[in-house]
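**Q** In case you want the letters, here they are:
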Amino acid sequence: MNVKTGLGLLLLAASAGQLLAPRRVFDDPERLFGLPVVPVFVLGAGTTLFTVGVILLGEGVCQRFGAPSLAGMVIDDPVRLPWLLLGGVTAGVVLELSAQWLGRLWFYPYWTPWFYGLIVLPGFAFYWLSIVASYLAAKAVLDAVARPGPRVSITPAVPLLLGALTLLTSLTCTILWYARRGFSLAPTHPVPAAPPFFLIAAALTGAALLAQGLLLRRRLCSPAGAVRHGYWVPGAAVLLASVVLSVVMEILNTAHHHWAYAHFPGPAVAGVPVLVFVAWPVQYLIFLLVPSLVVPGLADLLWRPTPGRDAAGRPGTATAAATAADSAS
Amino acid sequence: MQVDISEFGDDTAKELGRILRYWGGNLQHITFEPGQEQAIYDSAYREVGRLAVEDS
Numbered sequence: 000m001n002v003k004t005g006l007g008l009l010l011l012a013a014s015a016g017q018l019l020a021p022r023r024v025f026d027d028p029e030r031l032f033g034l035p036v037v038p039v040f041v042l043g044a045g046t047t048l049f050t051v052g053v054i055l056l057g058e059g060v061c062q063r064f065g066a067p068s069l070a071g072m073v074i075d076d077p078v079r080l081p082w083l084l085l086g087g088v089t090a091g092v093v094l095e096l097s098a099q100w101l102g103r104l105w106f107y108p109y110w111t112p113w114f115y116g117l118i119v120l121p122g123f124a125f126y127w128l129s130i131v132a133s134y135l136a137a138k139a140v141l142d143a144v145a146r147p148g149p150r151v152s153i154t155p156a157v158p159l160l161l162g163a164l165t166l167l168t169s170l171t172c173t174i175l176w177y178a179r180r181g182f183s184l185a186p187t188h189p190v191p192a193a194p195p196f197f198l199i200a201a202a203l204t205g206a207a208l209l210a211q212g213l214l215l216r217r218r219l220c221s222p223a224g225a226v227r228h229g230y231w232v233p234g235a236a237v238l239l240a241s242v243v244l245s246v247v248m249e250i251l252n253t254a255h256h257h258w259a260y261a262h263f264p265g266p267a268v269a270g271v272p273v274l275v276f277v278a279w280p281v282q283y284l285i286f287l288l289v290p291s292l293v294v295p296g297l298a299d300l301l302w303r304p305t306p307g308r309d310a311a312g313r314p315g316t317a318t319a320a321a322t323a324a325d326s327a328s
Numbered sequence: 000m001q002v003d004i005s006e007f008g009d010d011t012a013k014e015l016g017r018i019l020r021y022w023g024g025n026l027q028h029i030t031f032e033p034g035q036e037q038a039i040y041d042s043a044y045r046e047v048g049r050l051a052v053e054d055s
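Keeping their order, the protein sequence lines are chains R and G. Numbered per numbering that gives the first Met the number 0, the first sequence spans residues 0 to 328. Numbered per numbering that gives the first Met the number 0, the second sequence spans residues 0 to 55.
Each hint should be verified, as a subset may be incorrect.
[What the hints assert, rightly or not] Some chain G residues well away from chain R (every beta-carbon gap over 12 angstroms; in silico): (1) Gln-1; (2) Asp-3; (3) Ile-4; (4) Ser-5; (5) Asp-54; (6) Ser-55.
[To be verified] To give an idea of the interface, some chain G residues facing chain R are shown, with a C-beta separation under 7 angstroms as derived from the structure: (7) Arg-20; (8) Tyr-21; (9) Asn-25; (10) His-28; (11) Gln-37; (12) Tyr-44.
These are computed hints drawn from the structure, not numbers from a lab. Just so we're clear, the structure is a prediction, and the values are computed from it rather than from any experiment. Glycine included, every Cβ here is placed at the ideal spot set by N, Cα and C.
Chain R on its own, in the form it takes in the complex:
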């Protein structure tokens, strides 16, 4: 185990410290300009430890498997850091605008509107780094074990047109829904009504398809481009990372509800709607595909096979070298 992996696991364990905070801390807290300071601090510290833990653990796994990582990208060219943060903000805006502002699928019960305004963009940029790091770690692991899959024929125009049509239709229906009932921004409290869930799910799926189509059109690497050549690791890594991270994050969140869900149809497990877990891979796709269009070089980092693996995921000769380099560090 390298230093990054160990430190990442340590921070993840420390983030569970928020579970030890007694209930009374959250029940009737003192407020500063309306903000319940102690709950926000406890939950914010827990989330920060968790996010940095995931980033470090992801970096450690990438180092262990000799795979490219976010840190490597920034160290090679520090100018890419603001680009990466911009990519995270862009993805966060797409997700928050669709699923929170329009879908009202979650809210932040301990936040005030002014705190939400301050934290939402940098918060998403920070959170996005952990999503990418977890995906790259899953991809590094799967690149080391995966075998080539079947090739799938995908016409580049299909995801582009299907995505644009789905996004446009679902957004139009959502806007019409608000035109009849009126719109109000409600990021910090629950509201009784929201557009049908399937409209928001369709909008997010459409946005992901559109981004995928644009990547193909611009001849950049992408998950659809990969499966056309039998390289299924990117899709599998999205599934693996989203399942692992969703289970850990949602379980941690059930204790004090840093964020709370609303208007998800269907059954719930341990207080979390089952559809939340189903939606996590879509969140990953939005977070990975949209910034791939914005950040130079990101599509290569996210969707190319690890150097030393072939385009179908078979090992090359670099694996032994990577392991040796990892042992030496």
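With chain R held as given, fit chain G onto it using these hints.
**A** Just chain G now, with coordinates in the frame of chain R:
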């Protein structure tokens, strides 16, 4: 590093730039001993060359 650019057409500079950044950025994971070799792929996942460490 040897790359066959014949298939890149008008995108030669962009494609070669992506390849150099991606494989160059990962050089810290390579031990520079003769015999080390990696295949190079373009954005369409076609094998277009080799990165190899050789005796001069």
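**Q** Going through the earlier hints one by one, which of them does the structure break, listed in rising order?
**A** none
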